[in-house]
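Asks: Listed below are the residues making up each chain.
Number of protein chains: 4
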Amino acid sequence: MTGSVDVGQLKLGWARAHMPVLEAIRARLADERPFDGLTISAVLHVEAKTCVLALALQAGGATVRLAASNPLTTDDDAVAAVRAGGVETHAVRGESLDAYRAGLSTLLEREPDVIIDDGADLVALVHERRRDRGRLRGSTEETTTGVTRLRALEKAGRLMFPAVDVNDAMMKHLFDNRYGTGQSTVEGIVNATNLLIAGKVAVVAGYGWCGRGVAARLRGLGAEVVVTEVDPVRAIEARMDGFVVRPMREAARVADLIVTVTGRPGVVRAEHFAVLKDGCLLANSGHFDVEVSTADLAKMASAHRTVRPNVEEYRFPDGRRAYLLAEGRLVNLAAAQGHPVEIMDLSFALQALSAEYLAKHGSALAPKVYPVPPELDLAVARAALAPFGVGLDEATGEQLKYADAWQSGTQ
Amino acid sequence: MTGSVDVGQLKLGWARAHMPVLEAIRARLADERPFDGLTISAVLHVEAKTCVLALALQAGGATVRLAASNPLTTDDDAVAAVRAGGVETHAVRGESLDAYRAGLSTLLEREPDVIIDDGADLVALVHERRRDRGRLRGSTEETTTGVTRLRALEKAGRLMFPAVDVNDAMMKHLFDNRYGTGQSTVEGIVNATNLLIAGKVAVVAGYGWCGRGVAARLRGLGAEVVVTEVDPVRAIEARMDGFVVRPMREAARVADLIVTVTGRPGVVRAEHFAVLKDGCLLANSGHFDVEVSTADLAKMASAHRTVRPNVEEYRFPDGRRAYLLAEGRLVNLAAAQGHPVEIMDLSFALQALSAEYLAKHGSALAPKVYPVPPELDLAVARAALAPFGVGLDEATGEQLKYADAWQSGTQ
Amino acid sequence: MTGSVDVGQLKLGWARAHMPVLEAIRARLADERPFDGLTISAVLHVEAKTCVLALALQAGGATVRLAASNPLTTDDDAVAAVRAGGVETHAVRGESLDAYRAGLSTLLEREPDVIIDDGADLVALVHERRRDRGRLRGSTEETTTGVTRLRALEKAGRLMFPAVDVNDAMMKHLFDNRYGTGQSTVEGIVNATNLLIAGKVAVVAGYGWCGRGVAARLRGLGAEVVVTEVDPVRAIEARMDGFVVRPMREAARVADLIVTVTGRPGVVRAEHFAVLKDGCLLANSGHFDVEVSTADLAKMASAHRTVRPNVEEYRFPDGRRAYLLAEGRLVNLAAAQGHPVEIMDLSFALQALSAEYLAKHGSALAPKVYPVPPELDLAVARAALAPFGVGLDEATGEQLKYADAWQSGTQ
Amino acid sequence: MTGSVDVGQLKLGWARAHMPVLEAIRARLADERPFDGLTISAVLHVEAKTCVLALALQAGGATVRLAASNPLTTDDDAVAAVRAGGVETHAVRGESLDAYRAGLSTLLEREPDVIIDDGADLVALVHERRRDRGRLRGSTEETTTGVTRLRALEKAGRLMFPAVDVNDAMMKHLFDNRYGTGQSTVEGIVNATNLLIAGKVAVVAGYGWCGRGVAARLRGLGAEVVVTEVDPVRAIEARMDGFVVRPMREAARVADLIVTVTGRPGVVRAEHFAVLKDGCLLANSGHFDVEVSTADLAKMASAHRTVRPNVEEYRFPDGRRAYLLAEGRLVNLAAAQGHPVEIMDLSFALQALSAEYLAKHGSALAPKVYPVPPELDLAVARAALAPFGVGLDEATGEQLKYADAWQSGTQ
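Protein chains in written order, with our numbering: chain A, 1 to 411; chain B, 1 to 411; chain C, 1 to 411; chain D, 1 to 411.
If you are wondering where the hints come from, they were derived from the structure by calculation, not from laboratory data.
These numbers were taken from a predicted model, which means no experiment stands behind them.
Check the hints yourself; a few may be wrong.
[Claimed, not checked] Listed next, the stretches of chain B that the computed footprint assigns to chain D, with coverage defined by at least 3 CB atoms under 8 Å from CB atoms of chain D:
#1 11-23
#2 217-229
[Stated by the list, open to error] Derived DEER-like restraints, expressed as beta-carbon distance ranges:
#3 A:Gly319 <-> C:Thr396: 32 to 42 Å
#4 A:Ala386 <-> C:Gly86: 54 to 64 Å
#5 C:Pro317 <-> A:Glu32: 31 to 41 Å
#6 C:Thr306 <-> B:Ala386: 24 to 34 Å
#7 C:Ala274 <-> D:Pro374: 34 to 44 Å
Even glycine gets a Cβ: it sits at the ideal position worked out from N, Cα and C.
Use the sequences and the hints to build the structure in full.
Replies: Right, here's the structure in full:
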């Protein structure tokens with residue numbers, strides 16, 4: 001279906017009005033034009049907030065080319081609006097995997113100077129197709145999953161260009177992964193099912209930043225939350241935060257809902273389906289659709305049908321049913337509107353500043369994974385204080401001096 | 001007052017029964033005796049749990065000498081019992097500052113091989129008195145405040161021996177600082193005042209690990225919590241956790257209760273007392289009694305009296321009153337029983353393992369601040385799983401392989 | 001637009017699968033057919049769950065006629081499916097007020113034996129049009145708003161027939177008003193805006209059962225919640241639950257979001273718009289669209305446009321903007337899918353049992369407002385235990401005896 | 001031990017400073033002297049707050065005589081101070097049951113005009129000893145347990161005088177039972193044990209107002225809370241509030257801590273001890289020490305000793321241990337300081353107003369259980385607004401009119 005430019009522009013306008021940090025950056029970029037003559041290829045969930053980022057980069061002088069990072073998460077109206085604004089865009093909601101891959105290929109045809117990636121699919125494609133980095137100054141990456149792939153490349157000695165790990169910036173993972181994923185995941189689950197969260201046994205697989213957010217929000221809506229973890233420190237943290245912590249093979253027996261946010265494949269698999277409680281909902285908010293094993297589901301189920309948009313029923317031979325949401329893809333993007341606007345304001349502000357950093361300094365950097373420079377992280381934090389209504393204290397001179405002294409103790 | 005050996009032994013028995021991680025370490029140490037021939041000087045809050053640590057080190061072959069890290073936090077019964085067990089101890093509840101300092105001096109007279117410090121007072125004394133490290137293999141430190149002093153020493157090029165930063169071990173700060181300080185601080189405030197937390201405006205100065213714990217527990221008891229911070233990232237985290245964030249000069253006007261947990265001096269000072277709400281309670285849970293400026297209080301108040309144990313009333317010329325709890329010293333130790341036993345099990349397990357590490361390897365280490373070796377941190381976490389009723393998942397082979405691959409992406 | 005029977009049937013199937021209490025009642029009604037020969041006219045939000053109720057009543061022998069209780073809350077697919085099932089239905093999403101009123105009129109043309117009302121619009125119409133109750137055995141009502149109108153009729157000596165106050169049944173207001181409204185209201189707000197709840201100042205007007213639910217869920221998503229109340233007891237309850245309690249004229253100055261759940265008109269009005277914070281969202285979850293004064297908004301605004309589906313921007317002459325969600329109608333039904341299925345299972349179970357009660361006993365009852373008979377309330381509670389995974393204790397003989405004794409005291 | 005008048009007066013001063021509602025009543029009573037010539041016999045937990053009430057009644061002209069309602073909850077310093085103030089008091093901390101009963105008897109020797117009771121022990125004694133009410137104008141009662149006994153007397157046709165049910169006043173049970181019991185119970189448990197609440201399985205028996213408070217506060221401190229109930233509606237409420245709900249025979253197997261707040265005997269008994277998890281803590285916050293069966297404990301245990309003040313260890317033949325806190329008496333009074341001062345301000349304000357009501361009108365009232373007159377309840381609520389920092393809204397004329405109209409509906 002073709003989107004509407006008018007509707008798309010309203011959507012972009014609403015998003016922009018709630019992205020003050022990125023908006024201030026856009027104004028400066030328009031002034032300084034650090035991207036003049038450069039091409040930026042961005043692979044992202046193409047919806048309104050993403051388009052605000054694309055247009056901010058364009059305002060800074062860049063030729064921006066956009067492709068979808070997920071076949072199910074494109075907003076066609078936003079695509080129409082951003083195209084009307086002059087950004088070449090390859091994304092159609094519900095496109096085939098072939099179309100998805102063709103989008104990525106197209107982005108590589110004319111060589112980008114900077115890549116903005118989400119899940120590292122474009123970066124992986126560069127490494128498959130090319131022998132050298134060419135004019136590429138570097139890439140940025142904003143997911144845990146993508147950073148894991150970048151580090152695997154680096155560890156294997158294969159990484160060809162500098163990559164900025166936006167995901168691990170404080171103003172990214174502390175907020176996007178936790179509060180963004182938390183809110184949008186419950187939104188997706190509720191949208192897809194119209195079911196009650198209160199009184200449900202909700203199992204959250206993984207107690208990383210995303211898992212913490214999802215667990216907190218599910219509890220905030222009244223669920224009894226059970227956490228599964230492979231890391232003992234995180235497991236004890238979850239316990240002291242008041243959650244039950246169990247292996248998945250026990251949790252699956254009592255779960256009304258399972259949400260995976262681990263970044264790992266096969267978190268819910270055959271051995272768990274074998275004991276799953278009848279009627280259990282299965283949702284994923286990890287980047288790739290590998291966490292709930294759809295292969296195992298297909299193998300074990302004797303019947304399969306769609307019962308609502310974004311809800312597929314798998315019926316096992318013994319009569320038990322499992323309900324897979326959004327085909328096991330990101331439920332917060334497929335069945336909801338993705339992260340809240342204010343969260344993406346922070347994440348995309350970091351993306352824009354990191355892209356600017358690579359434009360300026362990338363050519364001089366060795367092919368490694370780099371953190372976001374702390375001063376950029378801090379700049380985003382400072383810019384976010386007023387929008388979030390936060391009043392800061394200032395350290396006194398005495399306090400700063402005290403931190404450097406070792407003599408003064410018990411008095 | 002002299003403590004009772006019998007009462008002290010019951011107290012130690014209760015503590016030991018709830019410290020399974022340390023107890024398992026004690027059993028191994030008794031077997032392996034890594035401290036044979038060594039002297040360990042420990043400066044800690046001398047109460048039942050500390051004595052369980054001292055006896056565990058003794059069981060490992062050490063001559064243990066103990067002194068108080070705070071004049072107000074000694075439990076005389078525990079002292080009686082640990083002395084009866086053969087540990088030389090310098091601590092009397094309510095002792096004078098001179099007596100406190102004499103205790104520290106005594107500990108240095110016969111040279112210790114390992115120091116266990118809490119606030120770095122003993123370490124500072126070594127650096128004042130000595131010109132070389134002598135036989136000292138190193139020290140361990142478990143407070144944010146003490147680590148700050150160690151790093152100042154290191155930065156100034158003055159540190160004479162290796163120091164293990166126990167405070168920043170995951171199994172320490174994630175639990176002791178957050179859940180330990182959180183619970184014991186509200187316990188101290190409620191004990192001292194018999195007042196209601198629900199419906200109060202409670203200001204928490206600092207949103208580090210301690211501040212998070214205190215804020216969460218005050219909210220858990222029904223308070224409206226206002227956070228003050230100097231760090232913009234932490235400030236926005238506090239905001240998204242649902243707290244109000246304001247500078248202290250605004251917060252003081254509406255506060256029914258202020259708790260400081262910053263590790264910095266003068267957090268509540270003259271400019272805040274000038275606008276403080278009548279009847280406001282002032283409590284500190286940071287290591288030193290510098291966070292609420294008692295000097296400013298004394299200067300500004302026209303009258304001063306003790307109205308309950310651990311509660312002093314300061315009356316300002318305009319009639320407003322402020323109530324200082326526990327003289328501005330650690331309210332959770334002075335007006336309550338310190339951290340819960342299970343928390344100290346984790347922290348003291350790390351202390352024992354770090355002391356063992358220094359005993360074995362300290363002589364070979366350069367004079368720097370070292371983290372707790374990760375395998376020790378993990379060992380404590382694993383040992384704590386069963387006591388906390390936590391069931392862990394295990395990563396599958398496929399999952400471990402996936403984390404090292406970069407090729408597989410959107411499918 | 002015309003709905004799809006197929007899609008509608010899937011929606012009804014999903015709802016029915018999560019309404020076990022009503023389903024058990026349906027099975028019994030189908031067996032006993034207490035409604036044989038009777039007509040039931042129901043005015044309700046016509047969506048999937050409502051259609052499951054209509055078909056359950058039909059299974060009990062009734063001729064069921066259905067009309068919308070709100071022009072914006074109809075699900076056309078559900079209408080198609082319930083019509084295909086033989087239920088006469090007058091409801092089209094987005095219908096005009098004239099069409100809405102025509103629906104109500106039609107329901108009165110052929111005289112119903114029992115009325116199921118939601119907001120008391122049909123009951124009011126009966127009282128305007130008719131001089132006697134005719135064959136009407138009575139009506140049931142499930143909203144606070146509708147019960148207020150019924151009591152006003154009763155107080156004025158005008159009520160013509162018995163009315164069962166389903167709203168005040170325990171299994172209704174404790175769950176539907178609190179957990180149902182709570183979850184669906186935040187769902188509606190998030191759907192309409194894609195904004196973040198965490199870190200927002202969210203003002204909840206009214207701390208009745210609905211307000212408690214909304215406040216709890218907004219806090220559960222990280223908001224700073226401010227409550228407004230006119231009742232001093234409820235106000236202090238809100239305070240001790242940790243909420244800030246302020247008059248609306250103060251709250252409006254700091255609100256990022258205002259939600260009204262009071263059942264009263266003009267809760268947010270000219271005097272509040274005059275001081276409203278720029279960008280404030282205005283949402284209502286009370287039954288009628290009177291709580292946010294759209295008349296005052298229209299009068300005071302210098303510009304007005306729709307910026308997203310369900311979001312209208314009002315711009316004041318001084319540049320401030322207010323965003324009205326869902327035209328001030330029930331945001332949880334207009335911008336979301338209404339109450340969660342499991343909640344409506346409880347409420348509609350009470351509706352079905354109350355309708356059955358009126359069918360059997362209504363003719364013999366005087367024209368008054370009646371509570372739901374306690375045994376029906378309890379029957380619904382008992383039937384809900386298993387679906388909610390609740391295990392009950394049983395009072396021992398000794399305990400029952402103790403409750404009747406006065407002699408045994410301190411021993 | 002004899003208490004100190006000076007210490008007691010400081011304690012009373014602190015309490016009075018935080019009881020503004022009662023203080024305003026005291027000032028009016030001192031002016032109007034409605035109790036001139038009357039004797040008020042009060043059986044209450046005799047600590048500082050109670051003494052503030054006694055002195056307020058005395059200021060109103062009454063001869064006040066005070067006895068302990070529980071042998072373990074007396075504060076000897078407060079006794080010394082209130083005696084010095086002229087109130088005849090029969091209470092010594094730790095007194096024998098005989099001494100306790102003698103105190104009650106003494107209060108009946110000279111006939112009281114008004115009785116203030118707590119648990120109905122004095123009322124029961126009147127009914128055992130006397131044949132008529134004599135000059136007794138009536139009694140007030142503030143516990144669920146006492147009201148149950150009064151209603152049993154009334155039902156049996158035995159009640160001799162009017163009794164005001166203070167417990168069910170809104171400003172009593174909504175606050176005292178919920179927030180008062182909640183905070184003080186966790187305080188008592190933590191004081192008695194120094195154990196961590198976070199990460200524990202805490203079982204709360206009973207989800208009445210007290211149980212809700214205890215469950216909320218235990219969760220607020222990080223526990224996994226399991227509720228037991230005999231009432232299906234309350235059970236489902238607990239479930240939707242996010243708690244696990246199980247029969248005690250299942251809950252006891254996993255409990256680290258059990259708190260009883262049911263008002264019923266034998267809530268934890270032989271069948272539960274048989275399966276109790278090793279090390280489980282047993283605490284009671286119901287009025288009488290009957291909820292945990294100490295008889296069954298004594299019968300089943302093979303060894304018994306006190307391991308800390310307020311902690312008794314019972315060892316079963318199979319080696320499992322149970323720890324009974326405060327002998328199964330009110331843990332919040334025995335191991336802590338009872339309800340927070342501000343809570344007792346509300347409850348005792350109701351007591352004072354109810355006593356005044358009986359003094360004025362009791363002689364004319366039939367022997368029944370009466371609610372607190374609503375205007376007194378409301379007066380207390382209004383007086384509490386300012387101390388709790390609550391700002392109220394006022395209903396507009398339009399709103400009041402709307403509530404009485406039935407015509408206006410969907411527009």
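Asks: Evaluate each hint against the coordinates.
Replies: Tested hints:
no.	hint	verdict
1	11-23	holds (count 6)
2	217-229	holds (count 5)
3	A:Gly319 <-> C:Thr396: 32 to 42 Å	holds, 38 Å
4	A:Ala386 <-> C:Gly86: 54 to 64 Å	holds, 60 Å
5	C:Pro317 <-> A:Glu32: 31 to 41 Å	holds, 36 Å
6	C:Thr306 <-> B:Ala386: 24 to 34 Å	violated, 59 Å
7	C:Ala274 <-> D:Pro374: 34 to 44 Å	holds, 36 Å
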